[in-house]
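Read off the chains here:
4 protein chains.
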Amino acid sequence: MIEIKPYSRGVYYYETDRMGIVHHSNYIRWFEEARDDFMRQIGMPYSKLEERGIIIPVLSVSAQYRKHLTYEDKFTIQLHCRKFTGIKSFFEYEVFDEEGNLCVTGESSHCMLNSELKPFRFKKEFPDVYERFAEAAEEGPKA
Amino acid sequence: MIEIKPYSRGVYYYETDRMGIVHHSNYIRWFEEARDDFMRQIGMPYSKLEERGIIIPVLSVSAQYRKHLTYEDKFTIQLHCRKFTGIKSFFEYEVFDEEGNLCVTGESSHCMLNSELKPFRFKKEFPDVYERFAEAAEEGPKA
Amino acid sequence: MIEIKPYSRGVYYYETDRMGIVHHSNYIRWFEEARDDFMRQIGMPYSKLEERGIIIPVLSVSAQYRKHLTYEDKFTIQLHCRKFTGIKSFFEYEVFDEEGNLCVTGESSHCMLNSELKPFRFKKEFPDVYERFAEAAEEGPKA
Amino acid sequence: MIEIKPYSRGVYYYETDRMGIVHHSNYIRWFEEARDDFMRQIGMPYSKLEERGIIIPVLSVSAQYRKHLTYEDKFTIQLHCRKFTGIKSFFEYEVFDEEGNLCVTGESSHCMLNSELKPFRFKKEFPDVYERFAEAAEEGPKA
Chain A
1 MIEIKPYSRG
11 VYYYETDRMG
21 IVHHSNYIRW
31 FEEARDDFMR
41 QIGMPYSKLE
51 ERGIIIPVLS
61 VSAQYRKHLT
71 YEDKFTIQLH
81 CRKFTGIKSF
91 FEYEVFDEEG
101 NLCVTGESSH
111 CMLNSELKPF
121 RFKKEFPDVY
131 ERFAEAAEEG
141 PKA
Chain B
144 MIEIKPYSRG
154 VYYYETDRMG
164 IVHHSNYIRW
174 FEEARDDFMR
184 QIGMPYSKLE
194 ERGIIIPVLS
204 VSAQYRKHLT
214 YEDKFTIQLH
224 CRKFTGIKSF
234 FEYEVFDEEG
244 NLCVTGESSH
254 CMLNSELKPF
264 RFKKEFPDVY
274 ERFAEAAEEG
284 PKA
Chain C
287 MIEIKPYSRG
297 VYYYETDRMG
307 IVHHSNYIRW
317 FEEARDDFMR
327 QIGMPYSKLE
337 ERGIIIPVLS
347 VSAQYRKHLT
357 YEDKFTIQLH
367 CRKFTGIKSF
377 FEYEVFDEEG
387 NLCVTGESSH
397 CMLNSELKPF
407 RFKKEFPDVY
417 ERFAEAAEEG
427 PKA
Chain D
430 MIEIKPYSRG
440 VYYYETDRMG
450 IVHHSNYIRW
460 FEEARDDFMR
470 QIGMPYSKLE
480 ERGIIIPVLS
490 VSAQYRKHLT
500 YEDKFTIQLH
510 CRKFTGIKSF
520 FEYEVFDEEG
530 NLCVTGESSH
540 CMLNSELKPF
550 RFKKEFPDVY
560 ERFAEAAEEG
570 PKA
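Chains as they are written, first to last, in the numbering used here: chain A, 1 to 143; chain B, 144 to 286; chain C, 287 to 429; chain D, 430 to 572.
It should be emphasised that the hints constitute simulated quantities derived from the structure, not laboratory data. All C-beta atoms, glycine included, are put in the ideal place defined by N, C-alpha and C. Treat the hints with caution; some may be incorrect.
Stated by the list, open to error - Okay, derived cross-link-like pairs now, SDA-like style, lysine to any residue, Cα gap no bigger than 20 Å in a straight line:
1) D:K496 <-> C:N400
2) A:K83 <-> A:Q41
3) A:K74 <-> D:Y441
4) C:K291 <-> B:T213
5) A:K74 <-> D:E462
6) B:K261 <-> A:N101
7) C:K428 <-> C:E411
8) A:K5 <-> A:I87
9) D:K552 <-> D:G529
10) D:K477 <-> D:K553
11) C:K404 <-> C:E337
12) C:K334 <-> B:Y156
13) C:K353 <-> D:F549
What the hints assert, rightly or not - Away from chain A, derived, C-beta distances all over 10 Å, residues of chain C:
14) D303
15) R304
16) Y357
17) T371
18) I373
19) K374
20) F382
21) D383
22) C397
23) L399
24) E402
25) P405
26) E421
The task is simple: from the sequences and hints, build the whole structure.
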């Protein structure tokens, strides 16, 4: 298993709404930022996967909101790649504020498709990508 | 129970991403649009609730993606107010394309707070609002 | 010249920011919505142009803010197609609130490109599209 | 005059559209990010100004697009505070890609208001803020 470093940045003004806090939809976008960062960390940046004809659309996403963040707060996301089945991948997210309070938790699931949005034999066609995801995941077939 | 009419509009160009389809985070925003429409339908537009010091932040949200929508597709959201406890409300969403295919499903839960983001005695302080939510919900204490 | 009907809708909650008003970047997106509506009105929906290999990227955009709009305000955009040169098009926008106050004005310019982002002989290759844009524009070569 | 360090980050996936490139409205948001960074650099983070009752809404904004950026591109924004009159401030922006190509240029103007969105005697009421803006601006009354 690969140790994944947390992803961190500050909240932008345009991410807040008139409640004065970050609009809840933006956490879903931040999960994507954390996932992209994860893929760079395992040496498989998503732009490179796209070039090779692999896309990884979202099958489901969820978020639970405990504590709001607002403008200029700094947040940190700890991502866990819980499972990789060879076709599907499952992620969990924990969003912390600067004091280390757990603010938002979330989950997402994804499938690996080719650029025609069709499933394909991932392990056979892209063994190097398969291997990296398998190594990064806590559960699932190992490479 | 109040019959809730579906909410409908077309997809904007800026709601798509480079996968060519609607970015998954936008469905979470559309759920909010459908919720706002629901509150207008029950005679309690959210802007009026805000004026009276009521805010309804999101506690949790989730979405399951089955079929993608893209630019200029017209979509329809059928919202169900599943439950209202007096403090919390629970919604379900079904997003259909123009052919009636179920594209995305979702859920959200919310709590009623005052403008200091604190809970309050909703039934006592705002009996008219309480009553409308109770009538609109499929489950929960009736007015 | 074709009479262009104004484009209208209400402000969504997620379009506001913690200043309590619509974030200024959203007007740029609304201009795009009005442009899309214009293209549908002249019988040339942008999705159809894309299918035929025509894209119309933005060369420049500007906005002047006079009066803010906020959540649940209804706005109307009057678009003017000021000029069409055969390669470039120039639009002006006026955003009004429900009382008819002019809230925001704007301009944008665009070029017609093929899907490889290269210019092409628009009049020759797509005479029907050329003609409609020429008819809709206040200035420029007529069809 | 204060030397302003450029602002830099990578493009997020959700900032692209189905043309495959960054949606033009996002550059307007990036200008705001660069402005926020500028205010932090001069020791006047916007969140602190808000706390003291100062807001700085946008009066006008514009952008000229020369070269597109896309997913995972790294960009750098060089901001110039062109002028500060005591009530209004004027900024210019240059967005560069990693190879140093100038991709987008832009301008914005702003006014200083109190939290009731009214003008006030900025120099008298907030001399420290006035001074920092005056020092940072290339033109205008000096502190």
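Quiz item: Which of the numbered hints are not met once you compare them with the structure shown?
Solution: As far as the earlier hints go, 4, 8, 9, 14, 15 and 16 are violated by this structure, in ascending order.
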